[in-house]
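Residue numbers (numbering that gives the first Met the number 0), protein chains in the order written: chain A, 0 to 303; chain B, 0 to 308; chain C, 0 to 530.
Be a bit skeptical, because a hint or two may be false.
[Stated by the list, open to error] According to the in silico footprint, chain C covers these stretches of chain A (three or more CB under 8 Å from chain C):
{"no.": "1", "segment": "221-232"}
{"no.": "2", "segment": "289-300"}
[What the hints assert, rightly or not] Short, incomplete list of chain C residues facing chain A, as computed with Cβ under 7 Å:
{"no.": "3", "residue": "T54"}
{"no.": "4", "residue": "L57"}
{"no.": "5", "residue": "T101"}
{"no.": "6", "residue": "N104"}
{"no.": "7", "residue": "P105"}
{"no.": "8", "residue": "H153"}
{"no.": "9", "residue": "G157"}
The hints are simulated quantities; they were obtained by calculation from the structure and are not laboratory data.
C-beta atoms are modelled at their ideal positions from N, C-alpha and C, and glycine is treated no differently.
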Amino acid sequence: MLKFIAGRLIVVLSVGLTLSIVTFFLLNYVIDPAQAIAGEDALFEEIEQIREQYGFDRSITVRYFEWFTGIFQGDLGESYYWNKPVISLLVDRAPETITLALMSVSVTILISIPLGIMAALNPNSLIDRMALGIAVTAQAVPNFWLGLIMILIFALAFPIFPVSGDKTLFHFVLPSIVLGASSVPAVMRLMRTGLLDVINADYIRTARSSGFYGWRLIFNHALRNALLPVVSVLAVQLGNKFGGSVITESVFAINGLGRLALESILGADIPTVQILVFVFAIIFLFFNLLADILNAYLDPRLRL
Amino acid sequence: MIFKTFLKRLFPRSFDEQIYNLTPKELIIRKSSNHGGFKFGLFLLTVIFLFAIFGPVILDVSPYEQDLTKRLLPPVWKEGGTWEYIFGTDGNGRDYFARILYGTRISLTIGFGAACVGMIIGVTLGVCAGYFGGWVDQIVSYLLTCQLALPGLLLAMTIVFLIGPSITVVIFVIGATHWAFFLVVSRSATQKIKNLDYVTAASAIGASKFQIIMKDIIPNTVSQIIVIFTLEVGIAILNEASLSFLGVGIQPPTPSWGLLIAEGKEAIFFQPWLIILPGIALFTLVVSINMLGDGLRDVSDPNNKVSEE
Amino acid sequence: MSKFLTIQNLDISFESNNKNLKTVKNFNLNLNEKESLGIVGESGSGKTLSMLALTRLLPKQAAVSASSIIFQNKNLNELNNKNFYKEISGKKISMIFQEPMTALNPVHTIGKQLLDTYLYHNNESVDKGTKRALEILDAVRLPKYKQRMGQYPHQLSGGQRQRVMIALALINNPSLLIADEPTTALDVTVQKEIIQLISELRETIGMALIFISHDLGVVSQISDNIIVMENGEIVEKGKTSKVLEKPAHPYTQGLLNCLFKLEDEQKKDKIENTPIIRVKEISKSYKLPAKIFKKPEIIYAVKKVSFDVKIGETLAIVGESGSGKSTIAKIINGLINKDEGHIEIKGQKIDNINVSDRAKLIQPVFQDPYSTLNPVHTIGYIISRPLMINENKSEIEVRNEVVKTLNLVGLSKDYYNRFPNQLSGGQRQRVAIARAIILKPQILICDEPTSALDVTIQSQILDLLSDLKAKLKITIILISHDISVVKYFSDRIIVMYNGEIIESGNSKDIISVPKNNYTKKLMSSVFSLKK
């Protein structure tokens, strides 16, 4: 088990390293950062001055090493746009996004798991068709539009939840529903097909031939097998929610990492953007690793 | 469906041995003509395609022509709406119907374009990884992990914004961040197929690796890849809309649906149709594509033996 | 007179595509206490369905009707599902299935599964349940049974899992055990042990047994009475010895004929003494995926194997799965590379023969008729492809050649434009043979060419092969685990075990007087008809 984790950890670290190089070079080499800061209409002299001022005239490898070693000393660079250290921006904004991610995954779980189970237990029934309809709809609705429609409905017709801002947990209800809805189709389909497969498996026939039936059959013999893949997908989805927070946060005016990312991009704030891309990637890798470990722990066939 | 898997397990041979009078192609056509979702999706998508191609020509309306005396006219079914502007006008007095109509072209172009880019990258990598295995597979898996870990939308936003937005850039950036699905599916399909006896038989009769990949492996993965392709078209369309909505995709005055919604956002409580209408257009297009994709998956699934009547 | 179990007029039908599919018609059964009954039939004959109907394991869509099912003086038709599952399933009537690899729940330990089943039907303490579980694991002779309680199914071999399955079925001392092809998925030597175990346990527990199988040989060993089914109907029933001696129904006669034919020996042609293939000390090993900080483990699939194949002979390589017999076939065919040793074909080293020449010398025929043909190509294309790749012929020449070859394997030219999905298993295997012989190779390597087919079709394909062998003067290497096929077909036999040759010689000698212990076990595991 330890070896397994160590092996996965090595992969995660090397992917993280690769990605840090890729993002850094993409944002500093392919694109001229001085030009990006100065804007499109800037004069040549202005650009040159910015280049010198920020040290862009030095070799890119040197700058990469500076940046990368800085990360380990807690120095994530300085934002041009906010005129603040990037780390303090992260610390300020992270709680909102973490709340949003956790709440939206809870929404996903609450909707998709019961629905998936009910659909699998009654294939081709009304509830199955309804679940399929929900999946098809949720898959085709643009996230930002769903957010706007929610704002429209809840601001005008049912003013129960606040539609903008991040002061209380209530403010997070609508954004979580919007963000959570985007993972419902995938998780629900997985739950449904997973449970259907299990119900058709030989070992369920064995259990039935031993006299087990009804809910006892499902809970004692089928559910754990069917939940195995769902658990790991949920962990991955949780990792995805951080990167996916950009749209929801900007629609609902939540001051989280996603909105920070959008504002930094629009402000051509490369130090912040590259750190955010890197951080989101690391978060994703972390939850992926967590999913692998969970799976290995829950599934005896993978235990080493 | 489960009932069929049950029967198949009971009569494994007789079910496989079910001898069809029809060729595989005829079977697929017959199956799809019995699939409601598939037919509905195909019908809807065809209508949208025809609208996108011929609508602007026949109706002779311009999405760019401004008339500041006719700003924010309501659509025809609202009080004050006229048949001249079926969907009303936007804040600059442009015909909203014409803008949505032209937006269809942009969504379709970017959706299919980006899915093609993603397919070329993903299938090439996937088939190579699946067929050659070993270190090729390891490198491709590594690339895959990198691709999955990168926050796609964020990266796309950054690159589009910094390179400068245009339809081509958007197509390539979305395509380049959406090939993982193609890769995973084509790789696992290839791995399965390359161990089948007909591939071994092909190498025993002296077929080269290239011939095997082109004649034996790829033709048998096509149905699965088409399914992913349709689903990715839907995803790419939604992605473009998101980018444009956030202001880092298609730039004004080009009428992208995401952009229309962003522009309408300012007046959300006063002229809600400005965001509702393009949203419905977007939803309808993506639903039709997804229904087509889901239908194709059912139809091409060999376990799903749909009736032959 | 009250019987132990009587079923009268059992009908099963499925509603499929708006057609009413009757799969079992008018099934009747009388079973005495402690009787052993065999139900025989080919796949799809309804033998499993009728028993699943009895144990109520059919899906909802199946319409089951029976005028009466009386079990131990209880009318089962009057019992609702809930009471049936609580009182009968797993308690009075138990069932074991074909697939030991998937029949146990992979996420629960053996102990938990046994205990669950025991406590569900018996209001006892966990201690007592554990005691009973250990007792029954001992009774099914699971090696090291005490440690197995905490283990998961994937840690056990196929045979061991089947023992656990039997333990699970017997833990509540049922009075009827239904065994549905319990040995089909197992290696032959293990098969014999499981059959013996079931028949011994039947004696000690004193239960009745219904044994379902497609294999007349196996059934004749274990059952007092036999029911033969075809297309959902019982075509013959009676005492085992009587049915085997004087089969009344043509279907039974056919089944028996195929078996007897396999028991006979074929007339053998004269064989020249010059070898066409010389295999010298070839080895092939695989590295297990390396774990970190650990040396990769090496497994030999084939270890220093040498033999000759003479022109015109049929050499059989026998052994269980994993013995390395298929690896040898692939090495000779040039489909995988060997690590050491060398192979000469007609005096030429195999490494020096180019792909095209090799294709014209030697061709394979595979086991599974469903994966041997590429589903996207037509039969005509599949058969003509070897010509198009290796020979420079005009389209018309190729077409004529293909039609000729189709005729040779017993198919008409109408098949030219068909696709594999339009053919039956036997026909597909004929197409695969056509593809193999169109280049007129001198050697055919047949890897279990008939083991995926029904018995009646098996003998047709074997006849076709021996016919072609005579017509085209081909040397055949036959890979098989089925001793009866080997006996029928081969001149010489090589017995393999764990990648090594442990015995070789004339087929007559090896079958009648095997020397090696393993060979003895292998030969004795063949179920000949017991009369």
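Hints and how they fare:
1. Under the rule that three or more residues need a Cβ within less than 8 Å of chain C, the assignment of the segment 221-232 of chain A holds, with 3 such residues.
2. Counting residues of the segment 289-300 of chain A whose CB lies closer than 8 Å to any CB of chain C gives 4, so the stated coverage by that chain holds, three being the minimum.
3. Hint status for T54/C relative to chain A: holds, with the closest Cβ pair at about 6 Å, below 7 Å.
4. For L57/C, the interface hint is violated, the least distance from its beta-carbon to any beta-carbon of chain A being 11 Å, above 7 Å.
5. Annotation: interface hint on T101/C holds; nearest CB of chain A at approximately 4 Å, less than 7 Å.
6. Here the hint on N104/C is kept, as its CB sits about 4 Å from the closest CB of chain A, short of 7 Å.
7. A hinted interface residue such as P105/C counts as satisfied when its beta carbon comes closer than 7 Å to some beta carbon of chain A; here the least separation is about 6 Å, so the hint holds.
8. For H153/C, the interface hint holds, the least distance from its beta-carbon to any beta-carbon of chain A being 5 Å, beneath 7 Å.
9. Contact between G157/C and chain A, as hinted, is not supported at the beta carbon level, the nearest pair being about 13 Å apart and thus beyond 7 Å.
Consistency note: the structure conflicts with the earlier hints numbered 4, 9.
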